[in-house]
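These protein sequence lines are chains A and B, in that order.
Per the working numbering, residue 1 is the first one in the first sequence, and the count goes up by one each step.
Per the working numbering, residue 1 is the first one in the second sequence, and the count goes up by one each step.
Hints were generated in silico from the structure; no laboratory data involved.
Glycine residues also receive a C-beta, built at the ideal position from the N, C-alpha and C atoms.
Heads up, a few of these hints could be off.
Unchecked claim - Restricting the straight-line Cα-Cα distance to at most 27 Å, the calculated cross-link-like pairs of lysine-lysine (DSS-like) are: (1) B:LYS18 with B:LYS4; (2) B:LYS262 with B:LYS47; (3) A:LYS121 with B:LYS8; (4) B:LYS55 with B:LYS4; (5) B:LYS4 with A:LYS121; (6) B:LYS18 with B:LYS8.
To be verified - Okay, the calculated bits of chain A under chain B, using three or more residues with CB under 8 Å as the criterion: (7) 78-84; (8) 92-105; (9) 205-214.
Said to hold, decoys possible - What follows is a set of in silico ranges between Cβ atoms, one per label pair, in the way DEER data are often shown: (10) B:ILE26 with A:ASP59: 46 to 52 Å; (11) B:SER288 with A:ARG3: 35 to 41 Å; (12) B:GLN312 with A:ASN69: 22 to 28 Å.
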Amino acid sequence: MIRLSNISKSYQRPGEGELQVLKEVSFEVEQGEFVAIVGSSGSGKSTLMNILGLLDTPDSGEYELAGANVSSLSARELARTRNSTIGFVFQQFHLLPRTTATENVELPLVYSNSINGDTRKKAIDALCRVGLEDRLTHYSGELSGGQQQRVAIARALINDPDIILADEPTGNLDQVAGRQIMDLFHELNSAGSTIILITHDPELASQASRLVYIDDGRISPAKAATRAASRPARINMAVTGAMQPLQQGIPHE
Amino acid sequence: MNRKLLLKSSLRIMFRNKLRTLFMSIGVMIGVGTLIAGQSLGSGAEKQLNQSVNKIFSPGSIMLVSRTLTYGDVEAIEQQMEQVVASAARFGGGESDISYQGVTRKTAVFGHTVEGEVVWNRGVIEGRYFTNNDMSKTARVALIGHRLSELLFGTDGDPIDEEILIGSVPFRIIGVLEPAGIDPHGEDRDEDIYIPITTAMRRLNNTEYIGIAKLLVSDIEQVDEDADQVSEILREQHNIAPGEDEDFAIYSSTFVGLMVDKTNRVLNVYMVAAAAVVLLVAAIVIASIMLVVVRERVAEIGLRKALGATEQNIGFQFLIEVVVVTLVSGLLGIGLGLGAANLVSIFTGLPVIVSTDSVAMGLAAAVVVGIASGILPARKAARLDPVVALR
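In isolation and in its complexed conformation, chain A is listed as follows:
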């Protein structure tokens, strides 16, 4: 599904010279996986997410997404790929203000080339999938943080993306709402969605079926192995929890 090989990225900082943020990063994500990318601030995880999400382009290296090499796409092709292949979930939700839940979820369809049928109905279906069928006409400001993030997830789902990129999705939520959002990700993952969770929080990351540690611009598999080994029960639980419904079939489609 995703294959990064030797991705490097550096930024020019005024007065400080060049800063290499990513150093020959390589890793793969298979279809249906729930992967967490864990790193502290300044580790390069945001840059990695931007590159994964096609919001930024690497200086060197190859990025293969859903069978296509996307390292060399034009800006227009990148936008189209973002629209059809990737669903974003952000820490700050990024809902349009004074706009209803349904209209927020519709937004990606504005930029979709292959719209046939009722955009409104598609949006409502997506909201039902995240359990917001009774909040369709609520404005973003009238929703709790957890509900706003659900709207954002419904928006990420509406174009049936190949991967969902979630950047600290629980960072602005209380514990209960955060747990519900993580449950929702597990549910979606069980239903077949590929999920990449970007976080600084090892505990949150441990809920994923696989962890990728990033430190100082490099993937550190050794560290990943140690961390994973230190919490075997939790990870196993998450893995089995994710696998079982998948074997039972996809409940929402």
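With chain A held as given, fit chain B onto it using these hints.
Chain B only, in chain A's frame:
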């Protein structure tokens, strides 16, 4: 891209920020309103001016003006130019006191010939016009403008056969002149008094000179050539040596038509220039508001790009948002302009003529202002880096 959804969202945004939208609209509304009001009243005024000028300078007419113009001059022209089908002298005697039973009114007195009825294009609505008999007898008879008649005899009074004094000379009223309205100089031609030209020259002013004559030629296309020929005849009549200045002036209908067109054009240009200045200021206001709006909506722009919007999509969206506002403002401005024009019309009596051209021009101006003021903010929005915008 789904344009229907996008247009819906720009309308929503427009209503969401009512005060901001109002500030963006107001300049375009006033600008387009000025344009429409100016054009509608301008065309109305133009039509009125053309009508009143046409009344005097009907196509194919030549006017001679000279302090030394005599009957002999006009006769010479008629004899030498068979294309002159009619001619009529007019004697402008200046203003005199007109009195009736103690009521006195200062008004313009003109001496006219029998032919004046046709050549000067003004007959009577009551009573009779002058006859050759009136001319030869230098009769003390007068035609009266209907407004002067109302002033002297009341709205229901019958002026026919009443005796008035022009200065101290008694005249009998034999007819009421056709209404002619206000002339381009602002004089009310319905307060005129007409008397036989012979009476005016001999009895009132004791002069040989007629002042003004009007000629009608057979071919309106030839009127300028005919005017040149008239000029030659008059130079001969007045013994003016080659190179010497003429003591007369000749105006042809085409020449006057050109002058009128020029006046109308100048008026129009002023109105358009005033509207253009307002619209320019409006465009600057809108552009600066939109630049702030773009900065305010950085996160939204980043989000839209993450969701698949291209630079073109984002630019188009902001441009559409501005154009929707200016176009709606333009429509309101047209309403405003028509309202203002009709209001002015009520007070001045100027006719209002609304042409589809001016409405189309108003709408086009609104769209142009929208595009011109939106292009810079739209470019700025389009070029935002989504990574920076989402941070």
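Status of the hints after comparison with the structure:
1. B:LYS18 with B:LYS4: Between B:LYS18 and B:LYS4 the Cα gap is close to 22 Å, so the pair holds against 27 Å.
2. B:LYS262 with B:LYS47: holds, 14 Å
3. A:LYS121 with B:LYS8: holds, 17 Å
4. B:LYS55 with B:LYS4: violated, 56 Å
5. B:LYS4 with A:LYS121: Within the cut-off at roughly 16 Å; holds.
6. B:LYS18 with B:LYS8: Status holds; Cα separation ~16 Å.
7. 78-84: With 5 residues in contact (Cβ-Cβ under 8 Å with chain B), the coverage given for the segment 78-84 of chain A holds.
8. 92-105: holds (count 6)
9. 205-214: violated (count 0)
10. B:ILE26 with A:ASP59: 46 to 52 Å: Once the Cβ atoms are compared, 50 Å apart, the range 46 to 52 Å for A:ASP59 and B:ILE26 holds.
11. B:SER288 with A:ARG3: 35 to 41 Å: Taking Cβ atoms as reference, B:SER288 and A:ARG3 lie about 48 Å apart, which means the hint is violated.
12. B:GLN312 with A:ASN69: 22 to 28 Å: holds, 24 Å
Violation of the numbered hints given earlier is confined to hints 4, 9, 11; the remaining hints are satisfied by the structure.
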